[in-house]
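S.K.: Sequence:
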Amino acid sequence: MTFCEKCLSAGIALLRSSSQQADAVRSGEAEHQPCSTDDYAISIRFADTAESQQLNTTYRGRAKPTNVLSFPVVDEAEQWLPAVASTESLGDENALGLGRLMLLGDLVLCPSIIENEASEQKKSLEDHWAHLLIHGLLHLLGFDHIDEGDAEEMESLEIEALRSLGIPNPYLLD
Numbered sequence: 001m002t003f004c005e006k007c008l009s010a011g012i013a014l015l016r017s018s019s020q021q022a023d024a025v026r027s028g029e030a031e032h033q034p035c036s037t038d039d040y041a042i043s044i045r046f047a048d049t050a051e052s053q054q055l056n057t058t059y060r061g062r063a064k065p066t067n068v069l070s071f072p073v074v075d076e077a078e079q080w081l082p083a084v085a086s087t088e089s090l091g092d093e094n095a096l097g098l099g100r101l102m103l104l105g106d107l108v109l110c111p112s113i114i115e116n117e118a119s120e121q122k123k124s125l126e127d128h129w130a131h132l133l134i135h136g137l138l139h140l141l142g143f144d145h146i147d148e149g150d151a152e153e154m155e156s157l158e159i160e161a162l163r164s165l166g167i168p169n170p171y172l173l174d
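Read left to right, the sequence shown gives residues 1 to 174 (our numbering).
Keep in mind the hints are simulated off the structure, nothing from the lab. Note that this is a predicted model, so its numbers are computed, not measured. Any given hint could turn out to be false.
[Said to hold, decoys possible] Restraint-style ranges between C-beta atoms, simulated for each label pair: (1) T49 x G149: 31 to 37 Å; (2) Q54 x N116: 15 to 21 Å; (3) N116 x G149: 19 to 25 Å; (4) S119 x D75: 35 to 41 Å; (5) G166 x Y59: 31 to 37 Å; (6) E115 x N169: 16 to 22 Å.
By construction, the Cβ of each residue, glycine as well, lies at the ideal position given by its N, Cα and C atoms.
Could you build the full structure based on these sequences and the hints that come with them?
M.R.: Written out as C-alpha cells, the structure is:
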C-alpha cells in the first residue's frame, strides 16, 4: 500500500468507524463494525503555484496559491464508477465486473506550497503531506472549517486520523 493510500485509508476508516459507532450507540448496539476503503475513489492532481492560484481565485475568490483544494462530487448520478479489478483478482472471473466505486471528488495539491509550509513550520514533509491529504479528504466528505465549531470538529478528526498513522498533532506549535 502506498503512502497516499495509507493516509486516505486511515481517514476513511476513521470516519466510517466514527459514523458506525455513533449509529451503534444510538441503536443500543455498542460494538465495533469492520470497514473497508475499497469502495471509494478520489482523483488527485498536482498543480504548480500558478495553477493553484488560478483555481483558488476562480473557486474560492482568493487570489493566492494554496496547498490543497477540494472539489466534492455534487451530482449523485456522476458519483458511481464501475470498480476496476485489482491485479490479484484478474484470474478470478467472479471478481470482474462486480461492484462500484463511490467517487468522492477531486483533490488538487500544490507540492511547492506544501514543501515550503513544511519547511517553515519545521514539520516532516511526509507528515505535512499526510495532514493535507486527510484535510482534503475530510472536505470531500462534507466537513469544513468556516465557523469555529466546525473547525474544531474537523481538526479533531484530522488529529485522530494522523495519530493512527503515528503522526503528531499538526496544530501544536513547538
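S.K.: With reference to the structure, classify each hint as holding or not holding.
M.R.: Hints versus structure:
1. T49 x G149: 31 to 37 Å: 32 Å, holds
2. Q54 x N116: 15 to 21 Å: Between Q54 and N116, where Cβ atoms are some 18 Å apart, the hint holds.
3. N116 x G149: 19 to 25 Å: With Cβ atoms ~30 Å apart, the hint is violated.
4. S119 x D75: 35 to 41 Å: 39 Å, holds
5. G166 x Y59: 31 to 37 Å: The hint (31 to 37 Å, Cβ to Cβ) holds, given that G166 and Y59 are roughly 33 Å apart.
6. E115 x N169: 16 to 22 Å: 21 Å, holds
Comparing the model with each numbered hint stated earlier shows that hint 3 is the single one that does not hold.
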